[in-house]
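Trainee: This is what each chain is made of:
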Amino acid sequence: MGSSLPPKEANLFKLIAKSYETKQYKKGLKAADQILKKFPEHGETLAMKGLTLNCMDSKAEAYELVRKGLKNDLKSHVCWHVYGLLYRSDREYREAIKCYRNALRIDPENIQILRDLSLLQAQMRDLGGYVETCRTLLTLKPNHRNYWIAFAIAHHLNKEPSKAVDILIAYEGTLEEDYPPDNERYEHSEMLLYKISLLEEAGDLEKALEELNNKLVKIVDKLGAKEIQASLLLKLHRYKEAEKSYVNLLEINSENHRYHEGLKKSLGISVENGTEGVDTVTKLTDLYSDLQRKYPKSVAMKRIPLDFLEIGSFRSAVDEYMRPLLRKGVPSLFSDLKSLYSQPGKAHVLEEILLGYESSLRMNGSFPGSTEQEPPSTLLWTLFLLGQHFDRRHAFDKALQKINEAILHTPTVIDLYLMKGRIFKHAGDALAAAALADEARSMDLADRFLNSECVKRMLQADQVEQAEKTASLFTKDGDQHNNLYDMQCMWYELASGDSYYRQGLLGKALKKYLAVEKHYADMVEDQFDFHTYCIRKMTLRAYVHMLRFQDHLHSHRFFHQAAISAIRCYLRLFDSPPKSAAEEEEAAMRGMAPAEKKKLRQKQRKEAARAKKQEAEEKLKEEEAAFSSSNKGGKKGSQPPKTADTDPDGEKLLQVEDPLGEATKYLKLLQDHSSEVLETHLLAFEIYMRKKKYLLALQALKRQLKLGLESPDVHRCIIRFFNDVDNLPPPSTDSGKLVNSVIELERSCFKSIESKTLLQANESFLNMNKDSLRHRAAAAEVLFLLAPEQKSTAVEILESSVCSHSAGGGEIAEGVPSWGLKDCCLVYDIFSNTLKDLDAASRWKSRCADLFPFSTFFNGVKSSATCGSENYTYCRKMQASQPPGPLAANGHLPDFSALKIIS
Amino acid sequence: MGRAHEVPVSFDNVRDKNMMQLTKLNLVIFPVKYDGRYYSDALAAGDFSKLVYYGDICVGSIACRVERVSATTVKLYIMTFGILAPYRRLGIGAKLMGHILDVCHKNATVLEIYLHVQTNNEEALAFYRNFGFEVREKIENYYTDIEPPDCYLLVKELSRILKGRNTT
Ligand SMILES: CC(C)(COP(=O)(O)OP(=O)(O)OC[C@H]1O[C@@H](n2cnc3c(N)ncnc32)[C@H](O)[C@@H]1OP(=O)(O)O)[C@@H](O)C(=O)NCCC(=O)NCCS
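Line order of the protein sequences matches chains V and G.
Counting in the working numbering, the first sequence runs from 1 upward without gaps.
Counting in the working numbering, the second sequence runs from 1001 upward without gaps.
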């Protein structure tokens, strides 16, 4: 390095490098300038100066200098390395890898560059390259433990676990007999466990078990070793020994459900949920009555049988299970029992038992058939559970009745208010749900969970401003109003994005959805530090687990939701290109009462004024900051100033040139990571149809068919596709003709339209799915699409739908309408927006208002949308009494002015 | 018949963050609505205002006002004392009162505790008598909106107890 320079300058050059490593950038810069005074064209110095400037936030200048340095000295590995570092700092890993490779061509054995390269290869999953780099490193430094380990990991990731094992064995060969010393026992043990997991992955179970048994004394994680041993025995079909191992494990922790699974398997009891034969049930019953005797205090021993017992024995088992938990007051009891509701008849049994508890507790203060006096709280928890029970069975009236009785009994239990809010949400009154969550929040202002729950409900009720204020009670960070973005608080971003979307504010919605996408990009980035850290710390199993988790990161629910919603925004942007701000406001106010509109306008005016003021202040601040930093120069250790968000409302996102292009970006991620989800291919279809890419649309259609043969959405897409294609003008180009012939060939894949006209296909679809509202909705919509003149028939299809009522044997309680609220809203939308029959829409609305009395959408009589209803009064009261903000932050004394002393 | 399930009782101070619990209790226990003055007095009384918990459930409270008598002495006025109806006659009220009396003993500045009880409130009268409260006088037409409008003034002098203790 710094060769070609005279001694004095060569020393100065070393100083630059050292200053860079110790982050003393000013010092480094000074040294560089000293050299450049004498040798203004010295390439490596120019490059190093650029690298230093990069750390002082002069990006443009940095690139300029580094490139110039490289041009002056193309043969210097330093220049190439520096160029790579520069790219790496900007997360341009592919470019960085290229630079490192050039550097290595000049200096093939440079350890530092090889190491930097290997990290990037791991990050980018350039696995072949990673293996090679690790091989070179190990060859150069065979005494270095970490290079052995990295070499093994590289092979493992490259799907060669047995090679990885060989490497680890070779590594062990280099160790002394008495290895490890005390201070490395843990690391060595992790290495051994990693090796065992590799053997297992390579399919050599015998060897894995043998190795485990041989090295048992050296393994620190004793419990982990026992678990691996048991699972290996099971996989080797050595059932007797496996059974013994699992019995031992249960001795250690009888609540671990994995041990239960293992024990059952080693006894040859197949445990496919819900499909147990009589034989299996008898075996399981015997097993668990034994276990219960052995572990009388274990909850799992009593809970697990509830899953497999037949109704008769279920009754007494669940009875015995619930009593102590109701007595103790376990608020989570319902979520523990929830999975039972999908099993036929069990919901009904639970209902009978619980109602029996209630009446006995009210009459005698004891459980049925017992003389023991229960604490008063037992009745409270029974009522709470009954409320959740009826909610689960969609009997919202009864659910509310029980919760109200519980509140009357003990009005201080916060869970009751939360639950009541949830019932309202399920019944279709988001406003009342938000008001109740807010009341729950007011009962313990120090509870962050209550705050979050309340914020979420407010967003669901489209009270975005209030939600933000409420959230900021906990999230205020210095002068930052809200640091939810930095906290990667994705539920919040998704919920507020959804609310903006409902309100037609696509810019703001997109802003939130894209923020979620950025978090995922950051998470991918976050791996970087672990490539060195985990190998150094030898947490190898966890490391590989983390890498695999990262490979599937984008299939996570939150990403999925964000991507789907962003695509919907772009589709809407494409269908109705950006409106001016005034029009957008119009959209937000549609459907508001005139008085509300006026209030909103006033608020907006005030907001605009405030925003303007704030903007001016911020600008001033920025200028001041720029001024002071230019005076002081890059102060050591000073944080780079956060670049202010120049588009807080997503206005610029609305101006996107090619919305379909943007949508396609997110679609690709969905196709790669959520290909088993129908929605992915429904959206793909929408995008490609708009792009007129018929073959891709066809492909999406075929994937839909695989996932949702019966789905009404798929039916819609099929008919739309062939209707569009059939009505295209005859193709004039060769490629056009080719496309057409492919489509013709593929037509036979779609059985539902085989040898039928599309209209006939739609009719038979309707006939086959007469009893489903969702299918009828699709049929009506499609009919109108194919034959607009048959509009009245379409209306008739919808209006003649019959809503049946549940008989009460299954999950849903007796007498509850079988239609879902969401589907009914969808039908309303078809009446008013597709068919544009406002009379039919209003008839539908009043019909649904009867079915869903709590629904605000349909103005149900009990909903807060109906003036004079209980919920209406309650919501008004909550709105008036609880302005969130500084008052609430101060502990929110109930509004005193409104309360009067009577005595 | 047995009550095999002993549930632990504990106490917590009234703070601005849990004030709503006190409001919820008063709403169902007392026929009277309380104003901001009541809540700020209750807060200011510090250790003399308490919420009482039955397991994890808040089931009752005492809210006091501390009235200065001299530079070193105060009187304690019990504004409200109540246990939720389903949780009465379990000894919770007695534990709460016992706790407050302990606090008073540790804090020698309290000369006396007093309160008003509606004349027909037999259970409260029986309850307070147990703790050595005495009827000082009957005040007619003390309440305006509830029947009967009369109340007793109940007092428990603490200095006498201290003196009594010293002589024995
Ligand atoms: C008064 C009150 C606080 C008592 O609370 P509690 O927790 O039920 O009281 P306890 O169980 O600790 O009772 C202690 C003793 O008080 C007496 N007592 C309490 N309630 C009584 C009643 N209804 N009848 C007769 N004596 C009673 C008994 O001597 C009892 O001891 P015992 O149960 O061993 O016989 C409760 O009834 C209440 O909240 N009432 C409404 C509010 C009110 O009136 N407050 C007083 C005015 S501020």
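Please keep in mind that the hints were generated in silico from the structure rather than gathered at the bench.
The structure displayed is predicted, hence computed values, not measured ones.
Watch out, some of these pointers could steer you wrong.
[To be verified] Here are the simulated lysine-lysine pairs, DSS-like style, with alpha carbons at most 30 angstroms apart:
no. : chain 1 : residue 1 : chain 2 : residue 2
1   : V       : K71       : V       : K38
2   : G       : K1095     : V       : K469
3   : V       : K59       : V       : K30
4   : V       : K222      : V       : K328
5   : G       : K1095     : V       : K328
6   : V       : K877      : G       : K1017
7   : V       : K328      : G       : K1017
8   : G       : K1017     : V       : K476
9   : G       : K1033     : V       : K877
10  : V       : K702      : V       : K770
Trainee: Run every hint past the structure and note whether it holds.
Mentor: Comparing the hints with the structure gives:
no. : hint             : in the structure
1   : V:K71 / V:K38    : holds, 19 angstroms
2   : G:K1095 / V:K469 : violated, 41 angstroms
3   : V:K59 / V:K30    : holds, 18 angstroms
4   : V:K222 / V:K328  : violated, 35 angstroms
5   : G:K1095 / V:K328 : holds, 21 angstroms
6   : V:K877 / G:K1017 : holds, 21 angstroms
7   : V:K328 / G:K1017 : holds, 26 angstroms
8   : G:K1017 / V:K476 : holds, 18 angstroms
9   : G:K1033 / V:K877 : holds, 17 angstroms
10  : V:K702 / V:K770  : holds, 25 angstroms
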